[in-house]
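Which chain is which? The protein sequence lines are V and A, in order. Heads up: the first sequence begins at 1 in this note's numbering, then just goes up one per residue. Heads up: the second sequence begins at 289 in this note's numbering, then just goes up one per residue.
For the record, the hints were derived by calculation from the structure and aren't laboratory data. Do not take every clue at face value.
Not everything, but these chain V residues come out facing chain A in the computed CB check (under 10 Å) [claimed, not checked]:
| # | residue |
| --- | --- |
| 1 | Ala119 |
| 2 | Asn122 |
| 3 | Asn124 |
| 4 | Arg134 |
| 5 | Leu145 |
| 6 | Met147 |
| 7 | Pro151 |
| 8 | Glu152 |
| 9 | Pro153 |
| 10 | Leu163 |
| 11 | Arg166 |
| 12 | Leu170 |
| 13 | Cys275 |
| 14 | Gln278 |
From the derived model, a few chain A residues whose C-beta atoms are all more than 12 Å from chain V [what the hints assert, rightly or not]:
| # | residue |
| --- | --- |
| 15 | Ala391 |
| 16 | Ala430 |
| 17 | Asp450 |
| 18 | Leu475 |
| 19 | Arg505 |
| 20 | Pro523 |
| 21 | Ser587 |
Being a predicted model, the structure only gives us computed values, none of them experimental. Note that the Cβ used here is the ideal one computed from N, Cα and C, for glycine as well.
Given next are the chains, with one letter for each unit.
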Amino acid sequence: VPALSTDWVSRARTCRADVLVVDLAYFCRGQGASREAAAARAAIAALSDGPAELFLQVRASSMAAQLADSVRPGLAGVILAGVESAEHVIEADELLTRLELSNGFPPGGLEIVTALESAAGNQNAESIVAATPRTTSASLGRADLVMDLRPEPSGAIHLLDYLAQRLILLAGALGKQALGARWTAGDRGLSTTPGRALQAARMGRTLGFRGSLCVREDMIAPLRVGFTPSAAEVAAASRFLQEMRDRATDECWAAAEDSRSAGAATRLLAFADACAEQDRKLGIARSR
Amino acid sequence: MTMAPVMRSIVMRSMLYMPVTEQRFIESAWRRGADAVILDLEDSVPAHRKADARRAVREAIPIAARGGASICVRINSDSVAEDLDAAVWPGLELVIRPKAERAEDVAETGDLISDLEQQRGLPLGTVKIWPLIETAAGVVNAYDIAKASPRVTLFGGGEGYDMSLDLGVSMFTGFDQFFYSRGEAELAGRALGKVLANCLYYPDESGEVADARWAQRYAEALRGCGFRTATALHPATVAALTSGLTPSATELADAHLVTEGRSADAYDIDRARDLLAWALLCRERDAIKDTAVREYASSDAKGGSQ
Chain V
1 VPALSTDWVS
11 RARTCRADVL
21 VVDLAYFCRG
31 QGASREAAAA
41 RAAIAALSDG
51 PAELFLQVRA
61 SSMAAQLADS
71 VRPGLAGVIL
81 AGVESAEHVI
91 EADELLTRLE
101 LSNGFPPGGL
111 EIVTALESAA
121 GNQNAESIVA
131 ATPRTTSASL
141 GRADLVMDLR
151 PEPSGAIHLL
161 DYLAQRLILL
171 AGALGKQALG
181 ARWTAGDRGL
191 STTPGRALQA
201 ARMGRTLGFR
211 GSLCVREDMI
221 APLRVGFTPS
231 AAEVAAASRF
241 LQEMRDRATD
251 ECWAAAEDSR
261 SAGAATRLLA
271 FADACAEQDR
281 KLGIARSR
Chain A
289 MTMAPVMRSI
299 VMRSMLYMPV
309 TEQRFIESAW
319 RRGADAVILD
329 LEDSVPAHRK
339 ADARRAVREA
349 IPIAARGGAS
359 ICVRINSDSV
369 AEDLDAAVWP
379 GLELVIRPKA
389 ERAEDVAETG
399 DLISDLEQQR
409 GLPLGTVKIW
419 PLIETAAGVV
429 NAYDIAKASP
439 RVTLFGGGEG
449 YDMSLDLGVS
459 MFTGFDQFFY
469 SRGEAELAGR
479 ALGKVLANCL
489 YYPDESGEVA
499 DARWAQRYAE
509 ALRGCGFRTA
519 TALHPATVAA
529 LTSGLTPSAT
539 ELADAHLVTE
549 GRSADAYDID
559 RARDLLAWAL
569 LCRERDAIKD
579 TAVREYASSD
589 AKGGSQ
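Could you build all of it, start to finish, from the sequences and the hints given here?
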């Protein structure tokens with residue numbers, strides 16, 4: 001949601017995204033710090049009582065100026081775009097601590113999401129993501145644009161599958177969430193058609209992503225559907241667990257192998273429940 | 289003492305490997321049209337001819353350069369000092385250091401080159417290094433290797449024959465078995481601003497090194513992804529690589545439109561400017577080669593008629 005676009009801000013209230021990101025990093029450049037901060041404050045005030053979590057996206061290189069006048073009640077956290085080193089995150093962490101104190105927020109409550117968009121950022125991903133417990137998630141942001149990654153003849157975006165795999169592994173190892181989708185040629189800058197967004201989300205979920213950023217309203221529903229376990233998956237997991245319970249006395253079913261399968265099914269159902277709860281919050285009718 | 293500037297020419301669309309022991313190959317190198325000739329001391333030279341190869345390098349450098357090509361030497365990882373002693377002479381631009389596994393491998397190579405440059409009156413820093421990442425250890429240490437010396441200008445790898453041997457996997461599989469290892473090497477090179485080489489998978493199930501049509505498609509795929517360098521194991525592929533990595537007329541026209549600001553974002557404008565600069569460098573490189581070939585052909589004809 002570009003902070004300076006009052007039209008976008010007003011539409012965002014009803015767009016039913018899980019998370020709204022008020023952007024000061026990409027869509028408001030060169031407008032002047034005070035105008036941007038005022039717009040961010042207004043956008044946060046307008047969106048903070050809605051059902052979606054609210055984040056503010058700032059550039060790591062200019063976060064001090066962008067955050068100082070923008071952190072307001074209702075904000076869940078900050079996305080640091082273009083972060084390249086752990087020092088960037090530590091600086092953000094300290095800044096947020098000061099802002100929490102001065103604004104009367106609970107200490108440590110504001111989350112950080114790191115967007116690793118440059119080669120340096122991805123090279124230093126491990127130290128960046130581990131830099132503070134505030135960091136809950138990491139994404140590749142607009143790495144395709146920032147690193148000028150172009151389509152291969154196969155239709156893949158060069159290097160993106162590797163970067164995605166690397167991020168998912170690192171985030172998993174550090175207990176954080178990886179955000180992204182399997183974008184392919186034509187999905188430039190997180191912008192694509194609804195059909196392609198659905199495909200990217202489905203494939204992204206199979207890789208280990210749990211959700212993705214997007215820049216267009218018509219991508220929200222496809223991403224939500226693509227990242228939500230399908231009715232068939234939920235039914236299969238439920239059936240499997242029911243069979244487990246039915247055979248609980250059979251020693252064969254207590255084997256470790258089946259425990260792992262049961263764990264996977266249980267996690268899938270828990271995630272499906274969480275998705276359903278979120279849909280209820282957003283007022284989305286369940287069509288499955 | 290100041291460091292010499294970067295390589296005389298960064299345009300290395302086609303880098304042709306030649307066994308330095310094959311005199312007739314070296315003599316005809318100027319006709320091949322390659323942007324760079326790699327005098328090979330490694331895989332194409334059998335063990336019993338390594339000493340002959342070392343003796344041949346110094347004389348081969350000016351001969352192979354007659355057509356305006358940059359001269360590179362691929363050394364052996366198990367005889368680095370001896371190979372460098374044979375290779376670091378005027379006219380050498382780049383040392384290819386195979387099977388780099390640790391930062392120390394590259395730092396030592398750089399130190400030896402510095403000593404030889406000083407001894408032989410070459411400006412310090414003239415000779416650059418391309419460390420090849422060809423083993424699992426090299427992949428794990430890729431960033432440190434790329435960072436080990438300011439002489440490292442080209443970087444990439446994590447694929448190829450030696451990598452497949454090291455990992456015990458097949459080479460020509462029809463799918464990208466090296467996507468993660470190649471990615472590790474490329475990311476390190478990108479993070480440090482190196483010229484990237486050996487960074488793109490392109491299906492090749494035959495391993496035919498003289499297939500010019502495959503080389504053309506491969507070069508175009510490289511160009512499409514923004515890469516600018518490729519190596520050739522056979523002269524038959526040189527022209528395809530050179531033309532495939534040169535911006536097309538359509539691309540140039542599009543780039544001009546973009547830089548004129550017609551409906552483009554900042555990313556497109558940066559890319560277009562970069563392409564136009566690259567096209568200029570390619571034209572300069574081609575002009576240098578054309579002039580060198582004409583002059584050598586002319587002097588060769590005069591010498592032959594005397």
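Taking the hints in turn, this is what the structure says about them:
Proximity of Ala119(V) to chain A holds as hinted, the smallest CB-CB distance being about 3 Å (cut-off 10 Å). Proximity of Asn122(V) to chain A holds as hinted, the smallest CB-CB distance being about 6 Å (cut-off 10 Å). Of the supplied interface hints, the one on Asn124(V) holds, with its beta-carbon coming within about 8 Å of a beta-carbon of chain A, less than 10 Å. Taken as an interface hint, Arg134(V) does not check out: its beta carbon lies about 25 Å from the nearest beta carbon of chain A, beyond 10 Å.
About 5 Å separates the beta-carbon of Leu145(V) from the nearest beta-carbon of chain A, less than 10 Å, and the hint is met. Hint status for Met147(V): holds, given a least beta-carbon distance of 7 Å to chain A, under 10 Å. Because the smallest distance between the Cβ of Pro151(V) and any Cβ of chain A comes to about 7 Å, under 10 Å, the interface hint for this residue holds. A least Cβ separation of about 6 Å between Glu152(V) and chain A falls short of the 10 Å threshold, and the interface hint therefore holds.
At its closest, the beta carbon of Pro153(V) sits 5 Å from a beta carbon of chain A; the interface hint therefore holds under the 10 Å criterion. Because the beta carbon of Leu163(V) sits about 7 Å from the nearest beta carbon in chain A, less than 10 Å, this interface hint is met. At its closest, the beta carbon of Arg166(V) sits 7 Å from a beta carbon of chain A; the interface hint therefore holds under the 10 Å criterion. Given hint, Leu170(V) at the interface with chain A, is violated; its Cβ is 12 Å from that chain's nearest Cβ, farther than 10 Å.
At its closest, the beta carbon of Cys275(V) sits 31 Å from a beta carbon of chain A; the interface hint therefore is violated under the 10 Å criterion. With a least beta-carbon distance of about 33 Å to chain A, the hint placing Gln278(V) at the interface is violated under the 10 Å criterion. With a cut of 12 Å on Cβ distances, Ala391(A) stays outside the contact zone with chain V, its closest approach being about 15 Å. A Cβ of chain V approaches the Cβ of Ala430(A) within 12 Å, the least distance being about 10 Å, so the stated non-interface status is violated.
For Asp450(A), the condition that its CB be more than 12 Å from all CB atoms of chain V holds, with the nearest at approximately 20 Å. Not every beta carbon of chain V lies more than 12 Å from that of Leu475(A), the smallest distance being close to 6 Å; the non-interface claim is violated. With 12 Å as the threshold on Cβ separation, the claim that Arg505(A) sits away from chain V is violated: the shortest Cβ distance comes to roughly 8 Å. The Cβ of Pro523(A) lies farther than 12 Å from every Cβ of chain V, with a closest approach of about 25 Å, so its non-interface assignment holds.
No Cβ of chain V comes within 12 Å of the Cβ of Ser587(A); the nearest lies about 44 Å off, and the non-interface call holds.
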